[in-house]
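Residue numbers (my numbering), protein chains in the order written: chain A, 1 to 316; chain B, 1001 to 1427.
Think of the hints as simulated: they come from the structure by calculation, not from any bench. Heads up, a few of these hints could be off.
As a list, the in silico SDA-like pairs of lysine to any residue whose alpha-carbon atoms are at most 25 Å apart [said to hold, decoys possible]:
| no. | chain 1 | residue 1 | chain 2 | residue 2 |
| --- | --- | --- | --- | --- |
| 1 | B | K1250 | A | L153 |
| 2 | B | K1235 | A | G294 |
| 3 | B | K1110 | B | N1071 |
| 4 | B | K1231 | A | L4 |
| 5 | B | K1279 | B | D1233 |
| 6 | B | K1235 | A | P155 |
| 7 | B | K1250 | A | G154 |
| 8 | B | K1235 | A | Q245 |
| 9 | B | K1231 | A | L248 |
| 10 | B | K1250 | A | S148 |
| 11 | B | K1235 | A | F274 |
| 12 | B | K1279 | A | G294 |
| 13 | B | K1189 | B | G1228 |
| 14 | B | K1330 | A | P127 |
| 15 | B | K1235 | A | I110 |
| 16 | B | K1235 | A | P144 |
| 17 | B | K1403 | A | P144 |
| 18 | B | K1194 | A | P155 |
| 19 | B | K1231 | A | Y244 |
| 20 | B | K1279 | A | L4 |
| 21 | B | K1317 | B | T1398 |
| 22 | B | K1194 | A | Y244 |
| 23 | B | K1359 | B | G1036 |
To spell it out: a stretch of chain B is covered by chain A in this simulated footprint if at least three of its residues, at any positions, have a beta carbon under 8 Å from a beta carbon of chain A; those stretches are [as the list claims (entries may be wrong)]:
| no. | segment |
| --- | --- |
| 24 | 1146-1152 |
| 25 | 1270-1280 |
These numbers were taken from a predicted model, which means no experiment stands behind them. Glycine is no exception: its CB is placed at the ideal position from the N, C-alpha and C atoms.
Chain residues, written in single-letter form:
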Amino acid sequence: MVTLLQQLLIGLTNGMVFALVALGYTMVYGILELINFAHGDLFMLASFLALTLIGAFGLETAGTAGLVLGLLAIVVLSGLFAAGLNWTIDRLVYRPLRNAPKLAPLVSAIGVSFILQNLGLFWGGLPMAVFGGGNSAAAPKSFPNLVSGENLLGPGAALRITAKDLMVVISSLVVMVALYAFVRFTRLGKAMRATAQNPLAARLMGIDVDRVIGATFLVGGGLAGFAAVIYGLYINTINFQIGYQNGLYAFTAAVLGGIGNIPGAVLGGLVIGFVRASSDQFIGAQWQPAVLFGMLILILVFRPQGLLGTNVREKV
Amino acid sequence: MVAVATLATVAGAGCKAKTGAGGPAPEPPGGGATGGPTKVKIVSSLPRTGSANAQTTTMVNGIRLALDEANFKVGDFTIEFEDWDDASAKKGDWDPEVEAANADRAANDKDILFYLGTYNSGAAKISMPVLNKAGLVMISPGNTYPGLTKPGTGEPNEPAVYRPSGRVTYYRVVPADDIQGKVGAQFAKQRGLKSVYVLYDGGLYGQGIANVFANTAEDIGLKVLSPGAEKIDPKAQEYRSLMTKIKALKPDLVYFGGTTQANAGQIAKDMVAVGLTAKLMVPDGCFENAFIEAAGAQNLNGRAFITFGGLPPSELKGKGAEFVKNYRAKFHSEPEGYAVYGYVAGKVALEALAKAGKKDRDAVREAMIGMGQTDGALGTWKFDANGDTSLTAMSVNTVKNAKFEFVALMGGAASQPANEPGKAPPK
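Let the hints inform the model, and build the full structure from the sequences given.
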């Protein structure tokens, strides 16, 4: 019973991270019908920035106050970095292809993904102490254990809840609620929803569609940057391929929840987290991907629009 | 996602081309001997990209030291050495395509008389038949999967499948895992550990050693809580769910058959993350500083055991200690566990060439039969008919203060019946 509860908790925390990344996929898809394959790699680069900053700030040896301030600064900087990079990619790569056939930006996105992966490989080879002196660019990098992994219920308790788990769940929830409120209640959010529903009509109504799309990339990138810091602090290992792996899960989460739908992405992320955990518990570690993607196929066969998606072209 | 998967494969192929071009010089068209009758080439094929690089660098240094001591000369022959990479950046680990390309290139270059490699047993599986057909002698300083040489220890068609010419061309200077896996289980038992959960990384090497460990554990009364050896996904982000499941079974020990590159570090981290207090035992594929870096020293200190198919540099005696001293003097760094095996592989190659006395692959192959060393860096030993070393000394190491520390010598001179060479391990 305790084990089951523990697995639920692990599923919840992992699911939250997938959901944060999935939000970036789903927002861009909602507005452009573009699967931004580079999104996962953006997340990876942001995690490299976070690790670089940890090394530069010397956070491993900092006191509690310094640590909290430093981490906040890193969250902000990683978020800004990923947001800026995402916006730039849209401006340089996707925007010139706005009126091209749908396949053109899609293939470009895959190209951007490879460029970012190789940037990550190069970044990991920098001669910094946090990167193991840059001895092996492709090797996994250890992300320092800055948030305590001690059991808050006491060292002997059967159930294990740590400050790390709380950090992931609470901070992700705050960000998700803020995002939902932003899209629901602000002018820009309304403009995003309008653009998603019908770009032409939105333009006729006086909405600057390009600016709205740019803003979407900014917000999605910011979420990836935030997720990258959380991921690093929680999993404690990053490498240049985490973008591909997590991107795959996050994209699956977005599709599962109904791509283009924000609460759907969160639900999809959580479902994936839970399925992974229970597959490890009851079936066997090697079957995890098979169980996960098998379930995705089943759901898409019986509910092609995803769990929360709607049939009509109404998105975000 | 199909599109992405396909593209990833294409990118892998791209990397292969890149690595090939960046490594050895392009082969002249048609191959063949180009260096005249006195030029002999020795090449090594080891993973030089990715986290195994630190380990393989010291292995290549070991080879260089051996050649350097002979002044790159044997009789009238001038030795040329090339350091080839069998890994790709895309994988961050050895890559089957690159290893296959290396084997082909070596087979077609008649100047090459020795192929020193590989580090990973899975890679050897690819190059062995190619080199065997070409009659090229291969000496591995790192492969430990038993099936590569020993009949009855792996698949039914092993090792014949690696010897299409019917002759033995593959030799290894390290003892194989049928001994190492056993020693690991015996050590655990000696330490008073009662139960174990066995995992492996899905690779040839990991599966081989994890199975030997699990079988031996059952035989000697160590309770195996996993269904045999359980496979994990070496590319997974984390293993918390798996570790939570294992924690509920309350094992004394978790055994992971696999390498640093197959995520051994994350396993150590996640054991701690879920509060699993069992000890962790890993084989020689993790006997490198990269493992301590990947896992974080605080997650290993005092709870990890690393078995190694030989002695750590600090425990080498006689010529071995001399090797460590010379290594430090020449390279201004510490040798890792496998450096001495690189050195011995290089030495053996030179001795075989001297014995053969001519630039001819067949003569070299003949010369290798029954070769050995008397009072060498690894002591006195010789190759048996399968190409295995007669050495069986094994060590168990632990991690203290972020460094490997020698704990116990197992097997070796005080060889127990279970360690008799030639005896097949329990199935």
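These are the hints, each one checked on the structure:
1. K1250/B / L153/A: holds, 20 Å
2. K1235/B / G294/A: holds, 19 Å
3. K1110/B / N1071/B: holds, 22 Å
4. K1231/B / L4/A: holds, 22 Å
5. K1279/B / D1233/B: With Cα atoms ~21 Å apart, K1279/B and D1233/B stay inside 25 Å; holds.
6. K1235/B / P155/A: violated, 31 Å
7. K1250/B / G154/A: holds, 19 Å
8. K1235/B / Q245/A: Answer holds: K1235/B to Q245/A is near 8 Å, not above 25 Å.
9. K1231/B / L248/A: Status holds; Cα separation ~21 Å.
10. K1250/B / S148/A: holds, 24 Å
11. K1235/B / F274/A: The given pair, whose Cα atoms are some 19 Å apart, holds under the 25 Å limit.
12. K1279/B / G294/A: violated, 35 Å
13. K1189/B / G1228/B: holds, 18 Å
14. K1330/B / P127/A: holds, 23 Å
15. K1235/B / I110/A: Holds, at about 21 Å.
16. K1235/B / P144/A: Holds, at roughly 20 Å.
17. K1403/B / P144/A: holds, 18 Å
18. K1194/B / P155/A: Holds, at roughly 23 Å.
19. K1231/B / Y244/A: holds, 22 Å
20. K1279/B / L4/A: holds, 23 Å
21. K1317/B / T1398/B: The hint holds at about 20 Å.
22. K1194/B / Y244/A: Between K1194/B and Y244/A the Cα gap is close to 40 Å, so the pair fails against 25 Å, i.e. violated.
23. K1359/B / G1036/B: Holds, because 10 Å separates the two Cα atoms, which is no more than 25 Å.
24. 1146-1152: violated (count 0)
25. 1270-1280: holds (count 4)
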